[in-house]
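Sequences are here, hints too, so could you generate the full structure?
Protein chains in written order, with the working numbering: chain R, 1 to 359; chain Y, 1001 to 1359; chain D, 2001 to 2359; chain F, 3001 to 3359.
Any given hint might turn out to be false.
Straight-line C-alpha distance at most 30 angstroms; calculated DSSO-like pairs for lysine-lysine [stated by the list, open to error]:
id, chain 1, residue 1, chain 2, residue 2
1, Y, Lys1325, R, Lys270
2, D, Lys2087, Y, Lys1087
3, D, Lys2270, F, Lys3204
4, D, Lys2270, F, Lys3325
5, Y, Lys1087, Y, Lys1270
6, Y, Lys1270, R, Lys204
7, F, Lys3270, D, Lys2204
8, F, Lys3087, F, Lys3204
9, F, Lys3087, D, Lys2325
10, R, Lys270, Y, Lys1204
11, F, Lys3087, R, Lys87
12, D, Lys2204, D, Lys2087
13, R, Lys325, R, Lys204
Calculated directly from the structure, the hints in this document are not laboratory data. Every value quoted in this text rests on a predicted model; they were computed, and no experiment measured them.
There are 4 protein chains.
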Amino acid sequence: MSSSLGRLFRISTFGESHCAAVGVVVDGVPPRLELEPRDIQVQLDRRRPGQSQLSTERDEADQVEILSGVENGLTLGSPLGLLVRNKDQRPQDYGAMSQIPRPSHADLTYRQKYGIHAASGGGRSSARETIGRVAAGAIAEKFLARDYGIEIVAWVSSVGDVQADGVNFDSITRAQVDINEVRCPDQQAAARMKAQIIATRQAKDSVGGVLTCVCRHLPAGLGEPAFDRLEARLAQAMLSIPATKGFEIGSGFAGAAQRGSQHNDPYCFKAGRLATLTNNSGGVQGGISNGENLYFRVAFKPPATIGLAQQTVDYQGNAVTLEAKGRHDPCVVPRAVPIVESMAALVIADLALIQRMRQ
Amino acid sequence: MSSSLGRLFRISTFGESHCAAVGVVVDGVPPRLELEPRDIQVQLDRRRPGQSQLSTERDEADQVEILSGVENGLTLGSPLGLLVRNKDQRPQDYGAMSQIPRPSHADLTYRQKYGIHAASGGGRSSARETIGRVAAGAIAEKFLARDYGIEIVAWVSSVGDVQADGVNFDSITRAQVDINEVRCPDQQAAARMKAQIIATRQAKDSVGGVLTCVCRHLPAGLGEPAFDRLEARLAQAMLSIPATKGFEIGSGFAGAAQRGSQHNDPYCFKAGRLATLTNNSGGVQGGISNGENLYFRVAFKPPATIGLAQQTVDYQGNAVTLEAKGRHDPCVVPRAVPIVESMAALVIADLALIQRMRQ
Amino acid sequence: MSSSLGRLFRISTFGESHCAAVGVVVDGVPPRLELEPRDIQVQLDRRRPGQSQLSTERDEADQVEILSGVENGLTLGSPLGLLVRNKDQRPQDYGAMSQIPRPSHADLTYRQKYGIHAASGGGRSSARETIGRVAAGAIAEKFLARDYGIEIVAWVSSVGDVQADGVNFDSITRAQVDINEVRCPDQQAAARMKAQIIATRQAKDSVGGVLTCVCRHLPAGLGEPAFDRLEARLAQAMLSIPATKGFEIGSGFAGAAQRGSQHNDPYCFKAGRLATLTNNSGGVQGGISNGENLYFRVAFKPPATIGLAQQTVDYQGNAVTLEAKGRHDPCVVPRAVPIVESMAALVIADLALIQRMRQ
Amino acid sequence: MSSSLGRLFRISTFGESHCAAVGVVVDGVPPRLELEPRDIQVQLDRRRPGQSQLSTERDEADQVEILSGVENGLTLGSPLGLLVRNKDQRPQDYGAMSQIPRPSHADLTYRQKYGIHAASGGGRSSARETIGRVAAGAIAEKFLARDYGIEIVAWVSSVGDVQADGVNFDSITRAQVDINEVRCPDQQAAARMKAQIIATRQAKDSVGGVLTCVCRHLPAGLGEPAFDRLEARLAQAMLSIPATKGFEIGSGFAGAAQRGSQHNDPYCFKAGRLATLTNNSGGVQGGISNGENLYFRVAFKPPATIGLAQQTVDYQGNAVTLEAKGRHDPCVVPRAVPIVESMAALVIADLALIQRMRQ
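Printed below as a string of structure tokens:
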């Protein structure tokens, strides 16, 4: 509880860091959707560890197996079971830490909640839990592309104190994002981000960052007042990703400092429909998509597990110095790109299916 | 769809701006809870319009009636029906605007979604929908106070470019918050905020702001990985409030610029339990409460309905100048205080009941 | 928990036997549906007490008020709040029984579950809770009639040992059902049923009965494998009605005694579609409607509250003789007709909206 | 949609008859529960095909693999992924039938609903979908036994026109049920049932039957008015099993012919609690368990796929004679025993966890 998300397009994930496999059941996938394992694998490959020197050394191929719900390359309308085996498990890495809760990690809270914890401490708070989300999100994206032409692109917009600049929300593509390991399309900023991540790793420290995501070509009308407003569902989805600390849509926190006369997006008539001249709203009004670009930002804290010595206490309250072992990312945002895209796709797919009840 | 929130402590709200009544059904309220109408009324009074010169002139007493679920001052365990009559309806105010979608308001998107709209345009996006939330939240708070000693206090931490300072998260009370009309406990900042709101109103403009909320004495263990993480559920709840654009917990977006060695909260042993020396995490680890203060911030955009002339187009795409009529708040954050508190209470009450399944 | 039913067409009921009001919030009602209070009132009138000498003497007009969600006779797509005031409350009738749990009534189990009970003992198990269902069901029926031409008709098919015969499932109407007070279209059987009910009342006893319900013109394709199969959702809905003990669809228990070669419904081509020559299946195959008449039966036990002396014990375990007071139906099935129809409409409306996700 | 069941103890199944694997995700399993694969396997073995001459010849070992959620023989509180590979797939068996919808089978309705169908026609309506349910149910049973001492035993109470007699609800065990292949503890009736099934198979026909199930030692207080009444949830669960046509609890349809004075269960004081002298109610009052034996019956129709020639039409409406191929059970009730037990366990486990919110 609760490993399920969505009302009609609904996923249920399973798996910890060091169990036999992680995966997901995806229910509500529209029938007759063309789907091959490679449609899913491409996003899993962007998420998987060990893909560059910026990420953890844990080596996982993360090959997906489709167990059900697809026949002859077409979905059947029944739930898809998707499976990824864990290969490079090393629960022994955690032995030394079993008596010390890692600061800002889930070790202690899992123990407080469940009265037991997995070998790796944080159990389901592991990034490996997100594999099921990414696999399911890739399916959602196929559906959204086929039926609506929706495009979803996320990128790294800051690492530490380095900010990206000049990204065109109307045209940015995943190819442009993937042009460097940081997944920041501003090449100059990306170089500085990369240097910062490498320096952080060398210092046995970690660093946070921010992702920006744009979703184009949403039809107007998605989002359910009052509690399933589009931005509410996105906020939940994004804050459900490990290590996230904030979400903002459109003008976000900066908008809170503005006046209505600045912030309002006046209407114009463009390409046969009512459009807005500006887009401080970020693509939603009253919780409902308005046909403009939907965009939002997600803040990720620096990873909690660091090799640097930390003065803390063990479970018995004794003062100890912790130098954490294990293979961990010095910065999660490059690998978080497909996760954020997938969560956005899952939310939009669900709300799109719900809106069909009115047609 | 979807006007329901929560899994065990579950609310279903109803009502638009200009219908006969607004209200809520609250299911899952623990039995044998002492409850009088005044327990609810106190928060409704803090939310109601017309309470100060900073808010809309719409005059509504917002008297709650408890229709069911309570007998002799005790809850029965059955759902509570709560009702507030709309008194000061003036749908006619909206007649002039019926041909022009207000910029950054829900007029157009409601029409796109439903193919019809209420007299007031935005229908359920009206702030009056939040009455049900506040009434239900007051009940949740009674339960949380009785069973856990939980205290929830929100306040205005910025209006436009004015920031509050020096609020003590450990001790701040609602009485201190209510000491001025702005609901900002930093009296000097409050004076400047008030001036800014009045100036904005006189300019027929509006202004945004930010709320901070702290929840004290949560037991450790609340929050359900993966999708019902405490911060995920809070983010959804807050972004479901009209006019919100952002949510951050603990260090939030600022934390994304930090290093792990700065951001991590080391453990110490205090008052018989493992506590943290700092609280950048904001009271959660891995989606689960850790017993520290839970705190978060919510960004509100400036209200969309302003009297200032706006160049826009009507539903047919003809260029028009709009000077919006009707009674509207120049700044929503003072009245949003009990709404944010209520949404927090509803989320925490639900997660607290869910955690009981493990006891 | 849990007073909500449905996924997209969703109701949340509230109210006990002796509180101020009972009612319901109906979410997911399609927008632009013509709806007047009289559309709802007609079914409430068929359900209300005191309508004939066969029912309880409790006198309730059960006038519905639509609080929200409708403007100018059209639904807005927002939730409808519906309210019925309790008028003829007599909690004092229950005083004498407050120390004795009525046999086969919910007095004891409510106390065991909640640690408290309402004046009337059974709280939400009261038949008055069904008012919200009937009001919501009437709305569902309007939608189903408009969009699909669906007709739903229930009738009393047995009372005690008297069975109705000769009802034509293709043509039976509510007018034919309402031709007598028993709501049994077989006039000869109805006369005997009426006599049995009156004799039972005179003997201060009660009697059970069975309802049959047919739903015509369902489109093929409704029902969601595996757990929201059409018959599974109907079974839940029917067994959620107070006093029900059984549900069967199509051939039901009798079908369990048959051979496949008898029971199977062979296909034929009729009126431009594949139809079946027989209908032992009752309109579903594999949990999905097949376009044939959907029909099912619901068993109601005799009401538990009887005036006849019963040897039982009080809450302390002392032997007592109970002669129950209060105003109660000697037989609930005549008044259950609109309840069964409403529950069927609610289930079908929900599944119809869900199926639209595939269009 | 919808392959999920339950609110707190929640399962999501996947898999068709001829895909790579079937399985289930089980969320909400209490932590620290002892669990080995053999705990699950024992029930899967009772369900699997090919276990006797009374069932289909399809040969499947149905070995379960626990993918997640368990470490060192203890549950972690995280979701369990359970997997069973399909081995003996023969989609080619269905080639000949691909143009002819089998009478009373789901071939046509799946096509109508999804616009596509699996090789085997009925897709998720296959009995193999129930593997996930049985695996999850075995876990629910372990929990219910540990925390409440609950025992659940189902048996075959009729096949065709043969009825079992003399089963003692207080003492019947699974060992007594499994004493013969029919799973009917009345040995004389079992012999006649077996003869009937074998004769039916030889005649290339099929036959229906009824299961009875008793659940002992439920605590009082389980079941949530109004829509999650214990009997309502059981009815949904049972009618979600393929081939079911009816459900009755306690006195069931027979009770509808009785008078209240016969049917009511008077209270007595026994073993330190209020008990009932009779149990026509079947263990529930007002939708809530009362501490007596919970018992109910489920009707199964004869399997639709028979070798006997049937006069029907193909998808184009042409008259054809169908002699169905494939490996199918002549009677499903012996293998349905663990399925019914599992569905009961899943419902009770969910309602037991929900009731903890009140403690």
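Against the structure, the hints come out as follows:
1. For the hint pairing lysine 1325 (chain Y) with lysine 270 (chain R), the CA-to-CA distance comes to about 27 angstroms; that is within 30 angstroms, so the pair holds.
2. About 24 angstroms separates the Cα atoms of lysine 2087 (chain D) and lysine 1087 (chain Y), which keeps this hinted pair within 30 angstroms; it holds.
3. With a CA separation close to 29 angstroms, the supplied pair lysine 2270 (chain D) and lysine 3204 (chain F) stays within the 30 angstroms bound.
4. With a CA separation close to 27 angstroms, the supplied pair lysine 2270 (chain D) and lysine 3325 (chain F) stays within the 30 angstroms bound.
5. Annotation: proposed proximity of lysine 1087 (chain Y) to lysine 1270 (chain Y) is violated, straight-line Cα distance about 53 angstroms (limit 30 angstroms).
6. For the hint linking lysine 1270 (chain Y) to lysine 204 (chain R), the alpha-carbon distance of about 29 angstroms falls within 30 angstroms, and the restraint holds.
7. Taking the CA atoms of lysine 3270 (chain F) and lysine 2204 (chain D), the gap is about 29 angstroms. The hint holds against a cut of 30 angstroms.
8. Using a Cα cut-off of 30 angstroms, the hinted pair lysine 3087 (chain F) and lysine 3204 (chain F) holds, with the two alpha carbons roughly 25 angstroms apart.
9. Taking the CA atoms of lysine 3087 (chain F) and lysine 2325 (chain D), the gap is near 64 angstroms; set against the 30 angstroms cutoff, the hint is violated.
10. Using a Cα cut-off of 30 angstroms, the hinted pair lysine 270 (chain R) and lysine 1204 (chain Y) holds, with the two alpha carbons roughly 29 angstroms apart.
11. At most 30 angstroms may separate the alpha-carbon atoms for a hinted pair to count; lysine 3087 (chain F) and lysine 87 (chain R) meet this at roughly 24 angstroms.
12. Our distance criterion of 30 angstroms between C-alpha atoms is met by lysine 2204 (chain D) and lysine 2087 (chain D), whose separation comes to about 25 angstroms.
13. Between lysine 325 (chain R) and lysine 204 (chain R) the CA atoms are separated by roughly 10 angstroms; this keeps the pair inside 30 angstroms, and the hint holds.
Comparing the model with each earlier hint shows violations of hints 5, 9; every other hint is respected.
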